[in-house]
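Asks: Residue numbers (the numbering used here), protein chains in the order written: chain A, -6 to 314; chain B, 78 to 335.
Incorrect hints may appear among the rest.
Part of the chain B face toward chain A, derived, beta carbon under 8 angstroms [unchecked claim]:
1) P128
2) R130
3) S142
4) F151
5) Y252
Computed footprint of chain B on chain A; a stretch qualifies when at least three of its residues, placed anywhere within it, have a C-beta under 8 angstroms from a C-beta of chain B [to be verified]:
6) 116 to 124
7) 307 to 313
Since the hints were derived computationally from the structure, they do not count as laboratory data.
For every residue, glycine included, the Cβ atom is placed at its ideal position computed from N, Cα and C.
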Amino acid sequence: MSKDKKLMPMSEAIDRYVADGDVLYLGGFIQQEPFAAGHEIIRQGKKDLTVSKCAALILVDQLIGAGVVSRLITTFTWNPLPTTAHCFVRAVTKQIPGEVEIEEYSILALNLAYFAGALDLPYVATKTILGSGFDGEQTDSGVKNRLRFETSPFNGERVCLVPPIKHDVGIMQVQRCDPFGNAQAWGMLGEVRYGLQSCDKVIICAEEIVDTDVVMRDPNRTLVPGFRVSAVVEEPWGSHPGPMAGYYDMDWPYHAYYEKETRTEGVFQEFMKKWVYHTRDRKDYLGLLGQERLEALRPENFESDPVSYGKLTSHFGVPYA
Amino acid sequence: MIVSAARLIEDKSVLMVGTQWPIIVSLLAMSLHAPGITICYEGGAVLGKVPDRIPFFTGDPVVNSSSVLMGNSFDTLGMVLHGGRADMALLSGASVDRYGNINTTCVGDYTSPKIRFGGSGGACDFGSLAPRTIIILEHDKRRFPEEVDFITTPGYLKGKDDRIRSGLRASTGPYAVVTTLGLFRFDEKGEMVLRAHNPTASVREVKEGVQWDLKVHKDVGPLDPPSEEELRVLREQVDPGGMYLREARLLKGREVVI
Chain A
-6 MSKDKKLMPM SEAIDRYVAD GDVLYLGGFI QQEPFAAGHE IIRQGKKDLT VSKCAALILV
54 DQLIGAGVVS RLITTFTWNP LPTTAHCFVR AVTKQIPGEV EIEEYSILAL NLAYFAGALD
114 LPYVATKTIL GSGFDGEQTD SGVKNRLRFE TSPFNGERVC LVPPIKHDVG IMQVQRCDPF
174 GNAQAWGMLG EVRYGLQSCD KVIICAEEIV DTDVVMRDPN RTLVPGFRVS AVVEEPWGSH
234 PGPMAGYYDM DWPYHAYYEK ETRTEGVFQE FMKKWVYHTR DRKDYLGLLG QERLEALRPE
294 NFESDPVSYG KLTSHFGVPY A
Chain B
78 MIVSAARLIE DKSVLMVGTQ WPIIVSLLAM SLHAPGITIC YEGGAVLGKV PDRIPFFTGD
138 PVVNSSSVLM GNSFDTLGMV LHGGRADMAL LSGASVDRYG NINTTCVGDY TSPKIRFGGS
198 GGACDFGSLA PRTIIILEHD KRRFPEEVDF ITTPGYLKGK DDRIRSGLRA STGPYAVVTT
258 LGLFRFDEKG EMVLRAHNPT ASVREVKEGV QWDLKVHKDV GPLDPPSEEE LRVLREQVDP
318 GGMYLREARL LKGREVVI
């Protein structure tokens, strides 16, 4: 096991591991989104990023509105209220604040692309997508993606070939992680296992830092092993206004507020000043929300029963050591 | 619309359920005549019960504590749907055309759209792979063009033969469209046919509600109105707080200030 401690503040993790022009994977399938990390990326003025996000919600909308994204790889982008993600729509329809190239897939196709990236496969063949607007060969829709279409050498069927998608760096907020980067997450995991493993570098932001012992008593819950992780950031409430299973609910009124505060470019800039540019870090952001609001988002306890993996110390009465 | 769609769901079937109307439709069916259905969401969840409050979309955190499996998208979209273990998919959409193709991407040309919507999510996978897809949406003439601007989710494309030519399997495709005006099925060529109209809407009204010359089934007639039991279960069990309406989920009336 990698024994380097990787704990550092968010500002250092983003400064050291996210570079202008990077292909950046953002983890979290609706739950566990790295909002705190995204805000730090905006504050540090990163440029020309390709953001790859299977389920893009208002964090991606903010990154687009802040002008740090030049290309977006996604399957959908919206405010889960559900309503329009205004910055995304302004970028696509009016090129405000700049042009964002959209590379679009279905969820299964993008999962396969991350999977191929994680395993370094040349491609994966699938039967989804065929005939749709994402099938650029069949429909001439103008869609831009890297899918190809072939006849299967095995049964002669038309198949969609999905290329590997790899990333320079990936970021996700999880429930708990040890100082070495062994990260554990639970809840709806969507594409994240393959997304994180298709990244050269990984930044894990965690609600809690725990001892390796805690990880080792439940290794099935580990999403990514420490040797794949470059930085670990302790960042409680780092997914607000999104949800974190067992820690906090989705903040629905905040999403309605965001919708209202982003209808025009002008009000969006005011929103960003308040919540991102004029906050130094997550602590400042949480201060704006107030402890009372945060407490109101905590769920009731709904604990799993403990499981035992069994500790093997002897065999037929003969001690191992 | 919610009740008519729920009636199409057979007990013990395995469903891929999309966001919006499909959530409430599938939970109503589960609470009425189909307690044995399996409900799968694209993010990797397989539900174990009607959740503690109705999920507002399929990634809602309330799903975390109401599921028998909380896995990866490969568990549901991959091994259930692509693996051929799903019986049916339920979807909403911004617009649907004559051959059941669904658009949730844009109005106008894709490269310079007039209006842009969220995009596919798993919808394209549902429509590509499910043996039977049910499409549920509010009826509005603008939502029923002869041909959609972008095929987010493939229906029968330009007809059933065209779907098969594209490589999609012959055993898959749209099964029904349910709207606030009526119930539609598809003929042997894959074209939408009005099968039944809501008791409050006439055939003429439905025909005027789409942008092409809609075919009408020879045995067309009114749908049975929702029974008292169906409405009671919907209002008292499936969504007792009336939270499926967006206003309710924002806790309107109980001021939450930022």
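Asks: Next, verify each hint and record whether it holds.
Replies: Against the structure, the hints:
no. : hint       : in the structure
1   : P128       : violated, 12 angstroms
2   : R130       : violated, 11 angstroms
3   : S142       : holds, 5 angstroms
4   : F151       : holds, 6 angstroms
5   : Y252       : violated, 17 angstroms
6   : 116 to 124 : holds (count 6)
7   : 307 to 313 : violated (count 0)
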